[in-house]
Amino acid sequence: MNPDLTVNIGRLTMQNPVMPASGCFGYGEEYAPFFDLSRLGAIVVKGTTAEPCSGNHPVRLAETPAGLLNAIGLQNPGVKAAREKIRELAHCGVPVIVNVAGHSAEDYLRVIDFLEEEEEAAAYEVNISCPNVSAGGMAFGTEPCVVESLVGNLRRSTKKTLIVKLSPNVTDITEIARAAESAGADAVSLINTLLGMAIDTATRRPVLANITGGLSGPAIKPVALRMVWQVSSAVKIPVIGMGGITGARDALEFLLAGASAVAIGAANFTNPMVCPETVDGIADYLSENGFESVSRIVGLAKESLRPVTGGVCGCGKK
Amino acid sequence: MNPDLTVNIGRLTMQNPVMPASGCFGYGEEYAPFFDLSRLGAIVVKGTTAEPCSGNHPVRLAETPAGLLNAIGLQNPGVKAAREKIRELAHCGVPVIVNVAGHSAEDYLRVIDFLEEEEEAAAYEVNISCPNVSAGGMAFGTEPCVVESLVGNLRRSTKKTLIVKLSPNVTDITEIARAAESAGADAVSLINTLLGMAIDTATRRPVLANITGGLSGPAIKPVALRMVWQVSSAVKIPVIGMGGITGARDALEFLLAGASAVAIGAANFTNPMVCPETVDGIADYLSENGFESVSRIVGLAKESLRPVTGGVCGCGKK
Amino acid sequence: MPQMKVMYIKEHTLVAPDIRRMVLDDSIYARPGQFVQISVSPTLDPFLRRPLSVHDDGEGGLVLLYRASGRGTRLLAEKKPGDSVDILGPLGNGFPVTDAPAAILVAGGIGVAPLCYLARTLCEAGKQVIFLFGAQKADQLYIPKAITPFLTVLETATDDGSAGHHGPVTEVLEQFLQKGAVPVYGCGPEGMLRAMVRVAAQYYAQTYVSLEARMACGVGACLGCVVETFQNSGEAYQRVCVDGPVFSGEEVFR
Amino acid sequence: MPQMKVMYIKEHTLVAPDIRRMVLDDSIYARPGQFVQISVSPTLDPFLRRPLSVHDDGEGGLVLLYRASGRGTRLLAEKKPGDSVDILGPLGNGFPVTDAPAAILVAGGIGVAPLCYLARTLCEAGKQVIFLFGAQKADQLYIPKAITPFLTVLETATDDGSAGHHGPVTEVLEQFLQKGAVPVYGCGPEGMLRAMVRVAAQYYAQTYVSLEARMACGVGACLGCVVETFQNSGEAYQRVCVDGPVFSGEEVFR
Ligand SMILES: Cc1cc2nc3c(=O)[nH]c(=O)nc-3n(C[C@H](O)[C@H](O)[C@H](O)COP(=O)(O)OP(=O)(O)OC[C@H]3O[C@@H](n4cnc5c(N)ncnc54)[C@H](O)[C@@H]3O)c2cc1C
Ligand SMILES: Cc1cc2nc3c(=O)[nH]c(=O)nc-3n(C[C@H](O)[C@H](O)[C@H](O)COP(=O)(O)OP(=O)(O)OC[C@H]3O[C@@H](n4cnc5c(N)ncnc54)[C@H](O)[C@@H]3O)c2cc1C
Ligand SMILES: Cc1cc2nc3c(=O)[nH]c(=O)nc-3n(C[C@H](O)[C@H](O)[C@H](O)COP(=O)(O)O)c2cc1C
Ligand SMILES: Cc1cc2nc3c(=O)[nH]c(=O)nc-3n(C[C@H](O)[C@H](O)[C@H](O)COP(=O)(O)O)c2cc1C
Ligand code: FES
Ligand code: FES
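Quick note, the sequences are listed as chains A, B, C and D, same order.
Just so you know, my numbering puts 200 at position 200 of the first sequence, and the rest follows in order with no gaps.
Just so you know, my numbering puts 149 at position 149 of the second sequence, and the rest follows in order with no gaps.
Just so you know, my numbering puts 31 at position 31 of the third sequence, and the rest follows in order with no gaps.
Just so you know, my numbering puts 144 at position 144 of the fourth sequence, and the rest follows in order with no gaps.
Think of the hints as simulated: they come from the structure by calculation, not from any bench.
Quick caveat: nothing in here was measured; it's all calculated off a predicted structure.
No false leads were slipped in.
With a cut-off of at most 30 Å between alpha-carbon atoms, the simulated DSBU-like pairs for lysine-lysine come out as follows:
#1 C:80 <-> D:79
#2 C:79 <-> D:80
#3 C:145 <-> C:5
#4 C:10 <-> D:80
#5 C:145 <-> C:80
#6 D:79 <-> D:5
#7 C:10 <-> C:79
#8 C:10 <-> D:10
#9 D:80 <-> D:145
#10 C:80 <-> D:10
#11 D:79 <-> C:10
#12 C:79 <-> D:79
#13 C:5 <-> A:85
#14 D:5 <-> C:80
#15 D:5 <-> B:85
#16 D:10 <-> C:79
#17 D:79 <-> D:10
#18 D:80 <-> C:80
#19 D:5 <-> C:79
#20 C:5 <-> D:80
#21 C:5 <-> D:79
#22 D:137 <-> D:179
#23 A:159 <-> A:236
From just these sequences and the hints, can you work out the full model?
Have a look at this one:
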């Protein structure tokens with residue numbers, strides 16, 4: 001029997017827990033030559049702002065050990081043009097999650113207002129965690145009270161599934177997650193990129209024109225996994241886990257740590273087939289290990305640590 | 001002409017800017033078969049507590065992409081036994097920096113009191129950033145006021161060079177660095193490990209017995225470099241940079257970003273010769289590029305960004 | 001349509017100092033000026049693929065010509081015949097072919113890679129091909145023997161005068177432009193391309209330049225590889241990987 | 001004294017399913033029971049070296065025997081004769097050699113690796129060597145032919161009965177202990193070692209077990225590879241890499 005891979009995030013039902021992460025899959029069209037996009041659980045599109053945004057000066061990329069620094073800086077055609085692309089993408093039969101970005105609370109509201117009547121925008125992922133824009137972005141994501149007020153405003157403006165994307169560049173991510181939850185978020189997604197940089201010893205200058213950039217890729221997986229573990233214990237709403245996933249084994253680590261679904265970012269660049277391969281790999285794992293649904297393994301690595309009470313043995317620790 | 005590699009950190013003079021990082025070089029004896037330890041700028045020994053400490057249960061290590069998670073948990077023989085090892089090590093003719101750890105402010109003071117009269121302990125590195133102990137450790141390192149009071153106490157108890165080692169697991173590391181500076185620290189060192197974890201999909205349990213551990217190695221270099229860049233702009237005291245250094249090129253990135261000296265941790269495990277090789281590589285770079293001393297390149301990547309005023313050209317940016 | 005394909009190395013030869021030619025066992029049906037993203041390691045480090053131009057393609061299989069400069073290309077250089085490589089391609093727009101009966105191709109250093117395939121294609125389309133090749137010194141002037149029959153003219157230039165014209169290749173270009181303004185195709189260091197576009201503009205010759213940029217996806221999804229372009233009204237960023245790598249000269253240099 | 005050395009592969013053969021034997025071109029002057037830390041990739045991923053026992057060492061060069069199980073050992077398995085590997089060693093304490101005229105060696109699966117070198121050494125020191133080898137099934141019972149002359153007795157056991165005794169190798173051990181209590185050396189899965197120590201204790205036989213642990217430095221510096229030991233007063237952690245990998249049985253199992 002095929003395991004049940006369905007996942008619910010707020011009002012959104014996904015046929016499987018795997019989606020490409022924001023900013024790493026364009027509007028889908030670039031990867032359509034490689035596989036049938038309808039195999040995805042959902043697609044998260046690039047950070048969308050109210051007005052078109054040209055992004056940062058190049059150089060925007062730097063390779064790092066098992067990772068990638070980027071300082072794209074929210075280049076996007078603005079919500080109006082993005083809507084056309086979202087409509088086209090929705091034709092593929094996959095739910096589109098719109099990553100919403102802005103430089104002020106007002107900005108976020110404008111994007112949501114514009115898309116609210118669009119059926120094709122299935123859910124919003126509010127990016128309060130982009131490290132690559134000077135105003136807004138990450139600045140919103142590091143203070144619980146700011147998060148609570150921003151998310152509260154957005155909640156009042158939309159009936160759609162509202163996902164809040166958290167920054168890892170904080171002392172205590174659970175605090176921010178709880179603020180998002182109490183303001184009415186349907187889910188949180190994490191992590192966005194870690195703030196990093198690289199220097200070219202030949203030119204003796206930072207590699208990125210923006211000086212700093214966001215670190216993604218396998219290098220950050222241990223940090224991402226730890227945060228998913230912590231946050232999924234701190235909030236009751238679903239967690240979408242991401243950070244360094246390159247295949248089913250990584251994705252399973254996130255699910256076992258407490259994520260209800262996963263997103264894949266940088267790995268699309270090295271392997272355009274990584275998303276469908278991950279879907280298949282998760283299904284195989286569930287079958288091989290006798291789980292009838294993916295929901296059965298969400299957070300399972302925590303269960304095993306619970307001391308067996310009143311039972312045969314102790315907790316294994318002296 | 002050979003470039004001048006000398007570095008001063010507080011009262012401590014080092015013949016070159018390279019030292020093995022705490023916890024990654026034992027008390028030196030393990031690496032003595034590989035090279036003459038007197039080639040090092042200094043040696044930082046393992047976190048030392050007032051009483052012997054047995055550390056965490058195994059499993060304590062997990063390999064990650066371009067990195068390593070550890071949850072050693074301050075295993076050390078206690079300051080009394082450590083003193084003997086420090087004395088022996090000092091015979092090699094290299095300054096010994098004692099990494100001081102504890103579970104309470106009192107604990108730190110006891111270690112310093114015990115070693116204050118020991119000539120062989122050239123400086124202290126106060127570890128307020130260890131992620132692997134339940135009480136103390138990192139808990140001290142995330143609140144500026146706590147840091148200020150702890151460091152202030154230690155400052156009043158010692159005339160030796162006092163280095164404060166910062167945790168990267170904070171929203172704003174410059175805040176913590178400034179607190180250490182204003183409490184009288186002679187230098188700050190950064191970064192300690194990033195809090196991370198790994199899950200074994202076969203057993204469906206965390207790999208580490210301690211569940212979470214500290215991430216080190218090349219994976220974290222971009223984050224470490226960014227923090228060194230930020231902190232060296234925020235404080236006037238010297239910065240000792242570390243995090244993922246595997247050779248001279250990495251070390252030079254840290255120097256160019258503003259570190260006055262560097263420490264090498266996990267890379268010793270894969271290449272026992274990494275420290276002396278890094279010293280040689282830095283010297284070669286300075287010679288090849290016509291710098292007469294290492295101090296000339298400290299923070300140089302920042303200089304180049306300063307717009308040339310009243311000069312020939314503009315700043316290159318439109 | 002780009003594909004991801006595992007191919008096997010048929011030949012892998014050092015043809016000039018640090019420059020290697022790699023012949024693969026399959027074709028990707030690329031046009032001249034397109035490129036591939038090649039995976040240099042089966043592990044997670046180096047993390048990204050490396051963009052390399054199509055040096056030739058067809059029945060003989062895909063051919064790459066590259067300089068082992070950094071860590072990734074040095075790893076690639078260690079591969080042996082029989083080893084497999086993972087190729088993503090063909091990518092990018094490729095060189096446009098105009099109606100003009102002749103063309104000047106200006107190669108700088110390893111920029112020769114994509115121009116060889118262009119030369120063959122233009123010749124086979126019945127056009128005259130003037131091939132100008134500049135490098136720092138003689139031993140960097142590698143041009144495959146199989147290409148020379150396709151060239152109407154082959155002129156070389158070196159910075160140190162060790163072969164051909166002593167000076168920048170754009171000085172040679174000027175001599176040929178004086179004989180008639182035909183489209184000029186260039187690939188090489190940015191300084192050379194800028195000079196090429198400037199010189200050609202004086203003769204009202206159309207220019208096409210193939211650019212380099214740091215890339216992640218190679219397919220247009222990450223917006224990482226952009227270059228500033230000066231079209232119509234003001235500046236805008238275009239992606240080197242899909243909007244390029246070939247741009248008309250005036251679009252990117254001014 | 002451990003050294004870091006680049007060596008070249010002389011032979012690299014698949015000797016049983018997933019099990020490879022690698023012969024290197026140089027010796028490291030190791031004692032039986034010592035191990036090396038081998039670098040599996042020139043890149044930063046996989047990051048750590050892998051600990052592998054000395055399967056043989058001497059004039060013929062260092063020999064390793066390993067199972068390609070995870071990512072690192074599978075990368076190692078791809079190396080070809082002529083390729084270089086970077087070795088750190090010899091590391092660890094090695095097996096103690098006692099005055100006893102005979103010894104029983106108990107190998108479980110790939111745990112056979114260090115025991116072959118021990119068998120040769122003991123035999124050359126004039127002792128009788130009783131070699132008991134257990135595995136899941138017959139095709140995992142790889143023992144190099146060159147070793148058999150050094151063995152007084154060779155008995156095998158398989159879980160599925162496909163060769164030798166049908167059942168755990170420790171059942172065979174018991175038969176031999178009944179004939180006289182001699183030191184027992186073991187290397188294999190933890191369950192097997194525990195059973196071995198328990199059985200041997202009934203006959204008052206001294207035991208030595210070679211343990212595995214996840215390692216980073218391999219030289220005693222990181223304190224990552226510790227095992228709980230039960231000596232004198234209470235528990236304490238010892239480092240498998242320098243205090244071991246060989247421990248006396250009662251020290252680590254109780
Ligand atoms: C469309 C295109 C076609 C190219 N065709 C060829 C070719 O046919 N032959 C050839 O020798 N070279 C070609 N290059 C340049 C080649 O991609 C770089 O030399 C190569 O990526 C360097 O990788 P590395 O691992 O050696 O260097 P590293 O310094 O280790 O690379 C680090 C990172 O920077 C990137 N990078 C470094 N230098 C360049 C560069 N010059 N251009 C783009 N990215 C760079 C790498 O791809 C990698 O992501 C081409 C570049 C582009 C964009
Ligand atoms: C002292 C000693 C001697 C050994 N001798 C041999 C031998 O002769 N032949 C042989 O086949 N195996 C031997 N092993 C086990 C061998 O080290 C592991 O099988 C190997 O490290 C697995 O690496 P991997 O990349 O295949 O697995 P991965 O799962 O990719 O490894 C991930 C990390 O876990 C570590 N690890 C995984 N499994 C083990 C294990 N069983 N023991 C220790 N670390 C592990 C790896 O070293 C690496 O750091 C020995 C282990 C030790 C400690
Ligand atoms: C090139 C690039 C662009 C990105 N753009 C966005 C974005 O617009 N909005 C956003 O919320 N996250 C953005 N991200 C972050 C990713 O969605 C993801 O959170 C992060 O990369 C971690 O996942 P990964 O390690 O799998 O890449 C971007 C990441 C990359 C690499
Ligand atoms: C095994 C191990 C043990 C460590 N023990 C200590 C310690 O006792 N005290 C401390 O301040 N830092 C300790 N660290 C952190 C390192 O000193 C260093 O800050 C960190 O590893 C980053 O540098 P790297 O990436 O070069 O390893 C330890 C790191 C490792 C890997
Ligand atoms: S490399 Fe990703 S858009 Fe060009
Ligand atoms: S592996 Fe580092 S102490 Fe044993």
